[in-house]
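**Q** Following the hints, complete the assembly by docking chain B onto the known chain A.
Listed in order, the protein sequences are those of chains A and B. Last residue of the first sequence: number 256 in the numbering used here, and the count goes up by one each step with no gaps. Last residue of the second sequence: number 525 in the numbering used here, and the count goes up by one each step with no gaps.
Simulated from the structure, these hints should not be mistaken for lab results. Any given hint might turn out to be false.
[As the list claims (entries may be wrong)] Just so you have them, the derived chain B footprint on chain A, three or more residues with Cβ under 8 Å:
#, stretch
1, 35-42
2, 55-64
3, 125-138
4, 196-210
5, 215-222
[Claimed, not checked] Pairwise CB distance ranges, derived in the manner of DEER restraints:
#, chain 1, residue 1, chain 2, residue 2, range
6, B, Met312, A, Val30, 18 to 28 Å
7, A, Glu128, B, Gly303, 37 to 47 Å
8, B, Val358, A, Ile176, 48 to 58 Å
9, B, Gly303, A, Thr124, 31 to 41 Å
10, B, Val297, A, Tyr84, 48 to 58 Å
11, A, Val30, B, Val297, 13 to 23 Å
12, A, Ser182, B, Val297, 33 to 43 Å
13, B, Cys268, A, Ala164, 43 to 53 Å
14, A, Val196, B, Asp474, 27 to 37 Å
[Claimed, not checked] For lysine to aspartate or glutamate, the following DMTMM-like pairs were computed, each having C-alpha atoms within a straight-line distance of at most 25 Å:
#, chain 1, residue 1, chain 2, residue 2
15, A, Lys184, B, Glu370
16, A, Lys255, A, Glu79
17, B, Lys432, B, Glu396
18, A, Lys191, B, Glu370
19, B, Lys470, B, Asp515
20, A, Lys184, B, Glu375
21, B, Lys517, B, Glu495
22, B, Lys427, A, Glu44
23, B, Lys432, B, Glu455
24, A, Lys184, B, Asp381
25, B, Lys427, B, Glu304
26, A, Lys255, A, Glu77
27, A, Lys191, B, Asp372
28, A, Lys89, A, Glu79
29, B, Lys427, B, Glu478
30, A, Lys191, B, Glu357
31, A, Lys184, A, Glu209
32, B, Lys452, B, Asp414
33, B, Lys507, B, Glu478
34, A, Lys184, B, Asp372
Glycine included, every Cβ here is placed at the ideal spot set by N, Cα and C.
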Amino acid sequence: MRAIWAIAGGMIKELIRKKDFYVLLIFMLVILGVLSAQTFFQIEGISRYVRDFGYSMVMLFSFIISITFAAKQIPVEIESRTIYPLLAKPLSRYKIILGKFCGSMAVSVVSFTVFYAIFISFYTAGGEIESLSLLGQGFIFGILFLCMTSAFAIFLSVFMTMAANVTLSFLFYMIIGGFSSSIKEIIFSSKGVVSVLYGILYYLLPHFEFFDLRVRITHAWDPLPAWVVVSVSVYTFVYCFMLLSAADRIFRRKKF
Amino acid sequence: MKKNNIALTFVCLAAIVLMSMKIDLYNCVYAEAQPVNDVPVFLRFLGEGRSIISSMSILQADLYWHGGVGHFFEEHQGVGVAGVGEDCEACKHSDKHSRPEVSPFNILFRISQEIDVTEHIHLQDSQIKEIVPWLYYAAEIDPGNIQAYTLTGFYLADRLGKVSQGIAFLKEGLRKNPDSWEINAEIGRIYFQRLKDHEQAVRFLSEAWNLMQKVPHDKFQERFVLSFLVYSYEGMGQEKKALPFYEYLNKLFPNDVFDKKIKRFSPLK
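Chain A on its own, in the form it takes in the complex (with noise of 0.2 Å):
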């Protein structure tokens, strides 16, 4: 255990070394600003724009984070010979892939953390809070969605390089954002042995868009039921074991 938290422990270290977190998080506070100093025709009160950019800015600052940390952990160490110490300690490599998530998560969750708490403050200074227990919902899919995206790109990041990993992690995440619904409208409206291939398709690939409560948060819709938030709760635990077992029967493979 003390073997994996030092692997994260160097991790959120360098998190505050690189310069990627600032520039986030001041583009995000100067952003929010300008939105939030706008005016229109002496009209108060305006405030779910601010939201809306808000939260997407939050989820997507905080996978850019996620994502660029996550797929550059292995290749490098790789690439620059550090993994024969680290092998040599002994480490078994599960702990190095867990250490690895683990060091993604928290570097993740610290970002977001703080990218969050900036958008609650601006969304307090536009208006009331119309539902809390929403905007904590919003808080546990976050960590959830990161946990998801860091186990994603950590399985890629065993047999990928860290460009051809990102790339292909934005990819996922804007094609199952953006067609999640059409993958959905073709299952329901396909029939026999099309259909079942779809719908093996559709439990197979990551549900980043189970995570995003955009809509929800910015038109102040109602919270979700508890059994949809432990059922995705449980799915991320599952789909993220399952990702880094992968992970590690692939780099167990790997000889150096």
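**A** For chain B alone, kept in the frame of chain A given last:
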């Protein structure tokens, strides 16, 4: 051979010079037709992409109007449109989209269905202001987007009670699009309906009617302009001027109301 090459080079150069003159002429005509002085420098780089972004901004306003939920056109069939001060019960049709039946064991589909918001609602009262930023940005990004001006004018004047701001914004739109009958008609309508200023209404609606003749339009658009114009003439006590328009309207949409008006005002001829 050498002479041939020189001749070929000369012909190519001449063609380039002639083509460049043509291209320059085209650019000058295009630039005159599309003044960009009012567009911020950074937006000019977007070129024609501005109109796409502007249209997307209007679609975003529509999405906000429906509480962030996309809808199908058919869902609006048979739904009344409530005006200011009217009870908006007709708009409260919170039917759910038809959801396909999903087996209780198909857990991912069930989660997805539960997370997606599908209720069909319209913003009410004070919430309507939330669409204003998108309409404003649509007009700012592409000053040639007339729909952005007319929609903003409508919501400001009719739904948010900001009549003077609505008119000012429409006049700004008119300054940027002097040939727009739609903006003239919208200003005229607001003067007639909201301010009861019949003189101003006639001024803008007459201009709208004149501009309309220069562009393709349909009879419903004609009815929109002329019905406000005739009522404005009546409001000013100039029924004689309203009469030819009543006759024209009766030709387009024959009905008893126009018939009665024509009979009443005919002796004034």
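**Q** Run every hint past the structure and note whether it holds.
**A** Here is how each hint holds up against the structure:
no., hint, in the structure
1, 35-42, "holds (count 4)"
2, 55-64, "violated (count 0)"
3, 125-138, "violated (count 0)"
4, 196-210, "holds (count 5)"
5, 215-222, "holds (count 5)"
6, B/Met312 <-> A/Val30: 18 to 28 Å, "23 Å, holds"
7, A/Glu128 <-> B/Gly303: 37 to 47 Å, "42 Å, holds"
8, B/Val358 <-> A/Ile176: 48 to 58 Å, "19 Å, violated"
9, B/Gly303 <-> A/Thr124: 31 to 41 Å, "40 Å, holds"
10, B/Val297 <-> A/Tyr84: 48 to 58 Å, "54 Å, holds"
11, A/Val30 <-> B/Val297: 13 to 23 Å, "19 Å, holds"
12, A/Ser182 <-> B/Val297: 33 to 43 Å, "38 Å, holds"
13, B/Cys268 <-> A/Ala164: 43 to 53 Å, "45 Å, holds"
14, A/Val196 <-> B/Asp474: 27 to 37 Å, "50 Å, violated"
15, A/Lys184 <-> B/Glu370, "14 Å, holds"
16, A/Lys255 <-> A/Glu79, "14 Å, holds"
17, B/Lys432 <-> B/Glu396, "11 Å, holds"
18, A/Lys191 <-> B/Glu370, "24 Å, holds"
19, B/Lys470 <-> B/Asp515, "28 Å, violated"
20, A/Lys184 <-> B/Glu375, "18 Å, holds"
21, B/Lys517 <-> B/Glu495, "9 Å, holds"
22, B/Lys427 <-> A/Glu44, "23 Å, holds"
23, B/Lys432 <-> B/Glu455, "23 Å, holds"
24, A/Lys184 <-> B/Asp381, "35 Å, violated"
25, B/Lys427 <-> B/Glu304, "24 Å, holds"
26, A/Lys255 <-> A/Glu77, "14 Å, holds"
27, A/Lys191 <-> B/Asp372, "24 Å, holds"
28, A/Lys89 <-> A/Glu79, "18 Å, holds"
29, B/Lys427 <-> B/Glu478, "21 Å, holds"
30, A/Lys191 <-> B/Glu357, "15 Å, holds"
31, A/Lys184 <-> A/Glu209, "12 Å, holds"
32, B/Lys452 <-> B/Asp414, "14 Å, holds"
33, B/Lys507 <-> B/Glu478, "12 Å, holds"
34, A/Lys184 <-> B/Asp372, "12 Å, holds"
When each numbered hint is compared with the structure, violations occur for hints 2, 3, 8, 14, 19, 24.
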